[in-house]
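Please assemble the complex out of the two chains, which come individually in their own frames, going by the hints.
Line by line, the protein sequences are chains A and B. Numbering (this note's numbering) for the first sequence: 8 to 762. Numbering (this note's numbering) for the second sequence: 174 to 465.
Please note that a few of the clues may not be correct.
Unchecked claim - Some chain A residues well away from chain B (every beta-carbon gap over 10 Å; in silico):
hint: 1; residue: Asp79
hint: 2; residue: Tyr134
hint: 3; residue: Lys148
hint: 4; residue: Met198
hint: 5; residue: Gly234
hint: 6; residue: Arg245
hint: 7; residue: Glu548
hint: 8; residue: Gly567
hint: 9; residue: Thr670
hint: 10; residue: Pro674
hint: 11; residue: Arg692
hint: 12; residue: Tyr707
Said to hold, decoys possible - Listed next, the in silico SDA-like pairs over lysine to any residue satisfying Cα-Cα at most 20 Å (straight line):
hint: 13; chain 1: B; residue 1: Lys363; chain 2: A; residue 2: Asp627
hint: 14; chain 1: A; residue 1: Lys632; chain 2: B; residue 2: Lys412
hint: 15; chain 1: A; residue 1: Lys751; chain 2: B; residue 2: Lys363
hint: 16; chain 1: A; residue 1: Lys751; chain 2: B; residue 2: Ser360
hint: 17; chain 1: B; residue 1: Lys363; chain 2: A; residue 2: Asn682
hint: 18; chain 1: B; residue 1: Lys272; chain 2: A; residue 2: Lys757
hint: 19; chain 1: B; residue 1: Lys452; chain 2: A; residue 2: Asp627
hint: 20; chain 1: B; residue 1: Lys412; chain 2: B; residue 2: Asp380
hint: 21; chain 1: A; residue 1: Lys636; chain 2: B; residue 2: Asn364
hint: 22; chain 1: B; residue 1: Lys462; chain 2: B; residue 2: Ile362
hint: 23; chain 1: A; residue 1: Lys751; chain 2: B; residue 2: Asn273
hint: 24; chain 1: A; residue 1: Lys632; chain 2: B; residue 2: Asn177
hint: 25; chain 1: B; residue 1: Lys363; chain 2: A; residue 2: Glu658
hint: 26; chain 1: A; residue 1: Lys632; chain 2: B; residue 2: Ile362
hint: 27; chain 1: B; residue 1: Lys363; chain 2: A; residue 2: Glu698
hint: 28; chain 1: B; residue 1: Lys195; chain 2: B; residue 2: Phe178
hint: 29; chain 1: A; residue 1: Lys757; chain 2: B; residue 2: Lys423
hint: 30; chain 1: B; residue 1: Lys363; chain 2: A; residue 2: Thr694
hint: 31; chain 1: A; residue 1: Lys69; chain 2: B; residue 2: Thr438
hint: 32; chain 1: A; residue 1: Lys679; chain 2: B; residue 2: Gly216
hint: 33; chain 1: A; residue 1: Lys632; chain 2: B; residue 2: Asn273
hint: 34; chain 1: B; residue 1: Lys363; chain 2: A; residue 2: Lys757
hint: 35; chain 1: A; residue 1: Lys632; chain 2: B; residue 2: Ser360
Because the hints were derived from the structure by calculation, they are not lab data. Note that the Cβ used here is the ideal one computed from N, Cα and C, for glycine as well.
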Amino acid sequence: MKKYTVINTPVHNIDGIAKITGRAKYTFDITLPRMLHGKILRSSYPHAEILNIDTSKAERLKGVKAVLTGKDTLGLKQGIWRRFKELCDEEILARDKVRYIGEPVATVAAIDEDTAEEALDLIEVEYKPLPGVFEPLEAIKEGAPQLHEQAERNINVTRHIEWGDVDDGFQKADYVREDWFRCSSQAHVCMETHCAVADYTPEGKLTVYTSTQSHYYIKVLLAEILGLRENDVRVISRYTGGGFGSKFELDSAQFCSSLLSMKLCQPVKIVLSREEEFTATKRRTPMFYYVRSGVKKDGTFLAKEARVFTEGGAYTAMGATALYLTGFFQSFPYVWPSYRYDGYRVYTNTAPTSAMRGFGAPQATFCAETQIDLIADELGIDPIEIRRKNAMYPGYEVPGQATIQSCGLDQCLDKIDGWIKSRGELPRHRGIGIAAYGFMSGGIFNWFDTPYAFSSAVIQINIDGKVDLFVGSQDMGQGSNTTMAMICAEELGVKFEDIRLHMGDTENCPVDLGAWGSRETLMQGNAVKMAASKAKQQILEFATAKLSPNIVYDLDIKDGWIHLIARPERGLSYYDVVKEAIRGKEGQPIIARGHYTPHRKGMISPAYSFGVQAVEADVDPETGKITLKNCVTAHDCGQVINPLGVKGQLEGAMAMAAGYGFTEDLPMDEGKILNPNLVDYMLLRATEMPETEVMEVETYEPEGPFGAKEAGEGLTNPTAGALSNAVFHATGISIKNLPITPEKVFNALKEKKKK
Amino acid sequence: MIHNFNYRRATSVEETLGLLEKCKEDYKIICGGQSLLILMRQGLVAPENLIDIKSVKEMSYIDYDPKNGLKIGAATIHREIEKSPLIKKYYPVLVEMEKNLASVQTRNWGTIGGNLAHGDPAGDPGPILIASNATVKMASLERERILPLEDFFIDIFETALEEGELLTEIQLPILPKKTAVAYEKFSIIKNQQGIVSVAVSITIDEDAVKCKDARIVLGAAAAIPLRAKEAEQMLIGKKIDTKLLASVGKKASEESDPVSDIHATETYRRFLVKTLTTKVAKKAWELAKAAN
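So that you can see chain B by itself, here it is in the shape it has in the complex (with noise of 0.2 Å):
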């Protein structure tokens, strides 16, 4: 049963500052709820305050420009994401990502910037947004700042965000030449929360010969979004084949630290780590062939 609480709408930015700076006590920001009320329900999280920014218009939006890239306000639902035709542009891969996503009533409900701070390491978004380069702008009384996304996530259901601060934006730069995102999540049925995901951005050099740069990023693998680091630098400055990309899998899986639970066990976890990241490597490849 949910515990009593203030309920609390903020319909500005400021206004939300104003309030988190008088709650700062104890208070939680729902922005959709979709994760956040069934921890409530459980009675794992009993906040005071609860303050409701979903309906600061002036944080739900998609802009793009050419010279710096995407920008999603924080309170833009996951819907929205999935029907933008500016994403479905320039980041289709942000759009599958979202069609998998729960379930359409949550997504026409839930936001990307409550997602993100829920601090989950199952979350969709997070994997593929890291391996896009994404950064993350939060605002405060005092200050604005902006950070890496991969620096946001600390620990499970534990983000950079400090008190009094909130999550308002979240930016995606333009990807470099002939670079790709590709994508998997494994769940055991559709629309379900993944077992373990991979996100792998590739870019190849001018001759398309040998990967310049990649990313490969790692979903329900570890306490936040992983980055396996030396997997990545196993690919740069290489010609991909078979054989690198099965290696370079078995590397991501070594550097993975998920756990076991009751829907799969640690052995399968990395199993899928494994394989995915292989399979999803050697598509970003193929895609980053292929792109411009």
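Bound conformation, chain A alone (with noise of 0.2 Å):
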């Protein structure tokens, strides 16, 4: 018999059909019986002091039902790390004083869009213009503004990892290098900008239709922040139109509809549009790093010292998160004897920054393999042997920090090896660089204080052998829907098509914390397969009533084909089974319940992934014009579940990050984003998209499913980075400050021929 009848194959997504067919609801569609339009004033200061907002014109115009301010909220401040107050400290309507452009002060609620759009031109605001700063290298100093009391230098988080004698390291070094780097934001762009449906009734329950990564971060947030029961707020997430980290936060959609609702009893909509979306939600961190690293001349890494200084943006969010797993990141995948890493978020007049995609990790790339790239290159040794030569490798502790269980780094090389040296010799003005990384399956971290697991999945079994598989995971599109139907019915051994899942609402879904840090693989499920392990226990109990062997004998059940594992010829339907089991149930179908909690896995994941990637480009010598050739990688996600919902990953996260590396950037002036729009913000398009290919490592990893590990952000985080090294190899420059643009690529090309 095959060792599994579902994993590893390649399955369509469970709601694909319903996707392309047009009836998925997403949020955007959903309507509602007597629903009204809310739209959001927002800040046109970077930095201000409200003095006094008059709303009276407003709610005089017709067709308006109601406007609401700081003043109409409870005044509290809200955040993810709720563990630690002083870092919850965003208030969503801002009562006294706005610190962005973009930021809310006023939401209206009216009968249709244009009414709302129009009211918002009459709402008054009286500010009081206060000095900015925008660059954390400013802000952080001495006498510059300062956004919140208690942040003296505007400093919000600080993070400092050590280990080793990095002292002793760069001591014995023969070869130390260091250099600065500038990694630029960028934005989400979800095809589904941020938006709510929010349904408050005359019983007290409000519920939520949102377009969100983690439902129940939502319920938590939204109760507390409106003075709610946590189990009075439903939030519903069946569809979400892209993630990318953009939406695990409470957003301004969720909590003015919310708020408009209740004021009014009657249900709210609201839907940012592109320009708000661009503007005024959250984006990746910018991120000015110093790198030193010392090693000895047959390239053996002795020490590494990195200091960064983070574009925070006006408030926490999720930014210190980022701030420890880019340092984290930092010294990843290699073994470093020493290391010594200190961050600052530091507060800015700016949208804030956050999660996306990589979590802090492809600034830590990038900086990192382009210095390994210098760094051989100096020491005349080939990227791949450098990167061998210190490659992390199965049981390597990373003191204090984590264990590494699985790991093909190594294999990962070899194929990147293999098919670098299948490319021949390339043409001139063209380069192949390489990129080696890793990324966490899951973050162990509860700064949020859940009591409850980080994930859970009830089951259900019917009569007719139908499974209801309850899963508390969101799917984003990244596909965790199809990939939980596949554990659960490979664990149960059934058919996928047996499995009907019910996800994305808080009041028939078990918690899980949601989808980001590359979570729902290894956390939901390992739930999932719990749970399924347990209703298969109980249905085998059924089955060896039934089929009477000796003792001694193993039942399993495969495609379901009840049968004893040595003689599989001898077995039952599962499908007759399960009504006979139910019959003798007193009629109570099957029930079972799973969960997951990591336990003593070190500070950040219970395990990682690996990979490498080399990407091939032409750079024009005489305008710096880089053409994307080829795009290749190597990963170790453990055992996959579903090789075609890693395709799409990779593909997906290969034009995330090649636009981060290349095109994509949020330029300011004085805290203004110059480029709000499609046009303008540059994402890579089809025809742009090189060919790409993903050559698998299979490891086994003890603590995942069926041996599987994260497959999804992780992809992000070598292009940026691989992609500077193609141009290094194919120009002799390195440009260490994002995105490599023709321009930057050109005026170090005229730097280099004037030396």
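Rendered as structure tokens:
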């Protein structure tokens, strides 16, 4: 019998047909009876005191039902770092002070969008402008304008990571290199903008349909800031049109629509415009990085020191996590005998920066991998060899931080080495750059302070064998629904089609922390597997009674066939046994639960994915124009669950990460984003995508369900670094300032010629 | 958010002109809307009346005759120009330009007339049409007039179209003997609006030795698609070689007047004008030598 009947077969998304036939109802599509439309007035100042808000004219406009400001809230500050109150610093509707252009100051509900929009123009806000500060390296200076009372020199969070004797390591090094890097910002650009439909009823219950990565977080945060009991709030999020890290914090659409609905006892819908999405939602954290590395002549790594100043924007958001993760992944995926990291997150009068696919790691990987190639070049060592010499390996312990169990990095290097060699002699002005990377399979941190398990699942089996699987995980397009159904089917021994999945509703789904930090496959997957295993046990009890084998035999279910493992031909149909089992349980369906919370797994994650990516690119020596040719990735995500899903993740991540390295940026002038539209914000398009290929390296991760690890977020880490190395090998110049635009390459080439 | 407006759809030139007269206080003509809707969405343009001429069938055509050349109806979509066998045969460089104009979706909906009337100096067709000596036909209730395309562009987003006037046709004369037009757009990613573009037409004398006539037109390098006339003069009457081409590029760069924006600095744009002009002029010269 095949080891697996469901896992590792290419499966189309369980909700794919509903999506492509347009039946999938996203929040954007929700319309309720008596529904009103809301809009949000946002600050046009980067830093100002609010002296007065006069809403009377707006209230008098025909069709306007309510105009609310910060005064109509409980005045609470919120945030996801609930264990650290000082880091919950965002009111969402500002009462006294605005700190970035786009910060909400008032919200309107009206009979239609046009009226609500018109009403915004009638709200009179009296501001007292304050001096602003926009760059972290300026904001941290003594005497710079201060955003928050408690944050001297605008320092929001600091992080320190250290192991080994760093100073001794540098002493012993034959070669020391230091570089400064600037990592730019990036917008998530979800197809579905942030949106919510809030429906408060006189019984005191609030239902919110919303586009989110974590219905559980939104439920808890809404209850807290609105003064409701946690389970009087119901959050429904069946389909989410993209998240990428932008949708697991409470947002202005969710909060303002709820506030308005509570005031009016009528449903209120708020959909952010694309411009609001660019200017007034969170974004990737820009970072200024200093990196110093000491190595032996033969390329052995000895000591590394990194310091980073991150542009925090006006509030903490998830920036504190990004600050920790960037420091940890700066050392990844290598063995550094000594390492010291100091991170400073600095408040600035810009839109807050937060989580975005990779969560600080793409920035770190760009700096680290660019520098490694510069070191290798100085020492005359092949880029593959220097990485192989220092690569993490199974069983390696990152001192005080993490234990690496499965690790296929060495095999990934082999595969990429083989691919590079197969390319033969490259034409002039073409280069191949590589970058090695790793990422976490779910974070183990609980700053949210949930008393629930990190992931839970419930299974109910009906008389026809159909399995109702209830999960708390959120599918935002990454395919977790399909992954969970596959894990459930495999463990239970039934067909994929036997699973009916229920998700996206806090009222009837168990708690899961949500889709961020690449956690669903491992964490929700383990909970599903546990529930399926317990349900199977119940079925096997009945089957054992029916088959009455010798007690020494074990039973199992595969593909709907309950059988003796040693004698697979002896067995019964699962579908028959289920019916009898339920009859035997006084007509009760078979129900089982599963849950997962990591214990004693270090500081970061229970498991890590690994990979190596090669990018091949042409650089026009005259204009600096870069053309992507090939992108090949060798990838260790443990046991692959759905090969089609992994391919989709890889291609999507590649487009997003190449955009980060190459074209995407959010330039600002005094805190104002200059390209808040899809014409000026340059996303890569289909015509620009190079050939991509993924080579799987299979390992077995003992902590993952069936040995699986993350396969979504980590793929965003390598591309900017691999691209910068490709440019370096094609031209001899190294760009340390993202994105790598033709003009920067052109200027660097000109400089080089002068020398 | 787009402000409310009255939407009116015309089905003939006559009807359109009537509507323009009726709405003369405040209107915008829409013909595909690939550029206009972006401005409306951003609230930069908020017309009271939107007059849609996309369905004016009599304005969608591609005609060619060996005496008068090519006539393209202003409401012809880009994709039709790209796919036209006539254009491919007589003005192949237009096809190349169209292939790199935005995305297929945009080309399937956007029109040549809409593009020109928008008056964006970064528009793709302007430079190449001016280099090809194109004229445009405009109609109003009172009159019909023909203007060299070069004089059609007045300033950024401003054209010679007067109130009540409609751009109806783009005309391309037969290229003189031994003439070729070449074009290149520099963009960071394919199908993106150009950072800079350059079109050059060159006519060489009967003996195929000297340049008889030249037109150099720069896109996204000034407030309008700009003719680099001094650079042109450097070519006319000369035998063209690498050295001359290099100084022509330099001159065109001096004549240009680009801006700095988030996509490129003025310095980089000037450099691109220089290098593209040299490159495109060389290409046009070589094509002209091979032409009939």
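Quiz prompt | B:Lys363 paired with A:Lys757 [C-alpha distance capped at 20 Å] | solution = Roughly 24 Å between the alpha carbons, so the hint for B:Lys363 and A:Lys757 is violated.
Self-check item: Distance restraint between B:Lys363 and A:Thr694, which requires alpha-carbon spacing of 20 Å or less
Solution: holds, 7 Å
Quiz item: Are the Cα atoms of B:Lys452 and A:Asp627 separated by 20 Å or less?
Solution: With Cα atoms ~14 Å apart, B:Lys452 and A:Asp627 stay inside 20 Å; holds.
Self-check item: Distance restraint between A:Lys751 and B:Ser360, which requires alpha-carbon spacing of 20 Å or less
Solution: Cα-Cα ~14 Å, so holds.
Quiz item: Given the hint that B:Lys363 pairs with A:Asp627, does the C-alpha gap stay at or below 20 Å?
Solution: Since the Cα atoms of B:Lys363 and A:Asp627 sit roughly 15 Å apart, the hinted pair holds (cutoff 20 Å).
Quiz item: Keeping to a limit of 20 Å between CA atoms, is the pair of A:Lys632 and B:Asn273 held or broken?
Solution: holds, 16 Å
Quiz item: Would the pair B:Lys363 and A:Glu698 pass a check requiring their Cα atoms to be no farther apart than 20 Å?
Solution: Satisfied, since the Cα-Cα distance of roughly 16 Å is no more than 20 Å.
Practice problem: Hey, is A:Pro674 genuinely clear of chain B, shortest beta carbon separation above 10 Å? | Solution: violated, 5 Å
Quiz prompt | Straight-line alpha-carbon gap A:Lys751 to B:Asn273, limit 20 Å | solution = violated, 24 Å
Quiz item: With d taken as the least Cβ-Cβ distance between A:Tyr707 and chain B, does d exceed 10 Å?
Solution: Since the minimum Cβ distance to chain B is about 41 Å, A:Tyr707 lies beyond 10 Å and the statement holds.
Quiz item: Going straight from one Cα to the other, do B:Lys363 and A:Asn682 come out at no more than 20 Å?
Solution: Measuring from Cα to Cα gives roughly 19 Å; hence the hint holds.
Exercise. With a cut-off of 20 Å on the C-alpha distance, tell me whether A:Lys636 and B:Asn364 pass.
Key: At roughly 17 Å apart (the allowed maximum being 20 Å), B:Asn364 and A:Lys636 satisfy the hint.
Violation of the numbered hints given earlier is confined to hints 9, 10, 11, 14, 18, 22, 23, 24, 31, 34; the remaining hints are satisfied by the structure.
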